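Working from the sequences, and respecting the hints, build out all of it.
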Amino acid sequence: MRLIAEGLACRRSGRRIFAGLSFALGPGEALVVTGRNGAGKSSLLAILAGRLAPEAGTLRAEEVGERTIPECLHGVGHRDGLKGALTADENLTFARDLLGAATLAPREALARLGLAHAAGLPVAYLSAGQRRRVALARLLVCRRPLWLLDEPTAALDAASQALLAGLMREHLREGGLVIAATHQALGLEEARTLAIEDFRPTGPARHDPFSETPAEAAR
Amino acid sequence: MIRPFLAVLVRDLRLAGRIGGSGALSLVFFLMIVVLVPFALGPDLNLLSRIGPAILWLAAVLATLIGLDRLFQADEEDGSLDLLTGAPAPLELVVLAKVLAHWLTTGLPLALAAPLFGLLVALSPAAMAGTSLTLLVGTPALTFIGAVGAALTASIRRGGLILAVVVLPLMIPTLIFGVSAADAATGGTVPLATPLLILGALSLVAGVVGTLGAAAALRWSE
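Chains as they are written, first to last, in the UniProt record's numbering: chain A, 1 to 219; chain B, 1 to 222.
These are computed hints drawn from the structure, not numbers from a lab. Because the structure is a prediction, the values reported are computed rather than measured. Note that beta-carbon positions come from the ideal geometry of N, C-alpha and C, so glycine has one too. Be aware that a few hints might be false.
To be verified - Pulled a few chain B residues facing chain A out of the computed Cβ check, cut under 8 Å: (1) A7; (2) V8; (3) R11; (4) L13; (5) R50; (6) A54; (7) D78; (8) G79; (9) P88; (10) E92; (11) R157; (12) R158; (13) G159.
Shown next as structure tokens:
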């Protein structure tokens, strides 16, 4: 799979968040999105996941056949998509049946993340870090080429962070793509970085009272 | 494509069974309304048995609203909705599975409990059977109409009241034909088949329009 974004712009509640973001990502490549709080990292991931329409720009995937982009990706974000009343095992079995292309059995995936003992516990009983690891186990129960991770290391201890780095490297070796928004080092040496805060719009933007400096407004 | 559908259906049925929540609650609410009416009207058995089917239908319409606001809101809050939109199946199919699971845990128990609750309003056996049958045919329409409102208010905190205001007027046709079919079961000028067939048609139309509408509302709210 190849993911190509050209000139993506985002506007939320009338305010320009970013504009003119372009990148291309091929098999085995990782992109780390950095930026201060509120720079638009999560908005960019929402656009990539198809949950938010970009204000401008195009996003396309190549070498994926008939599948749409949302059908090619795994997303793990702030909201972990787990049901507290169901056990970790049931949550993962549901994700596997829903998303298709099953690979590891739910219990094997949990064992990979060091949660074999918690497979039969309702997710509501687990700690924040354990819940995040159950959500990450979803990456392993079915095969999808693109991983979209929003602050994947939040609530994880040092050992789990190293484990996640290992999983991402393995995914990249198998030709997968990883896009992660984070403040912390992920342990991916070869990853490219896309810094949203360094970005300045180029070319004539359309009139936007929020992005003008007082000097520009006076002119 | 049938696999994601079954996955969602099984998950929602399992969740309803595990949490207990809306299904049992709407049944208790149904019972409450039916119990309150004889207290309000007095123990006039003739009056009660004449308006009994209407009371049961009104109670069913109100009980359907219980728990409907959480139909999509719970998934929206914990992020499951993002998971559902990434399934290799149309969102309409996922919505259909969720609404079907909701009806199986709320609408169907209402229809099955109607003969029992009919005792409280002095229904004759024929009226009990008629009311139960019309609820069985008509409650899918109520659930599917409600699903559109539930999808529209999925991302609104405390959207339950807005949901009721939006959805109740749309349930009027179902209520009219439901009650008239239940009345026709105990004799009357209209044969039972006429309003019952219209009620069935309402459920089928609501099944299509409600599924498409709810899926469209979920896409739009994102």
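task = Find the hints from earlier in the document that the structure breaks and name them by number, from lowest to highest.
result = 4, 5, 6, 10, 11, 12, 13
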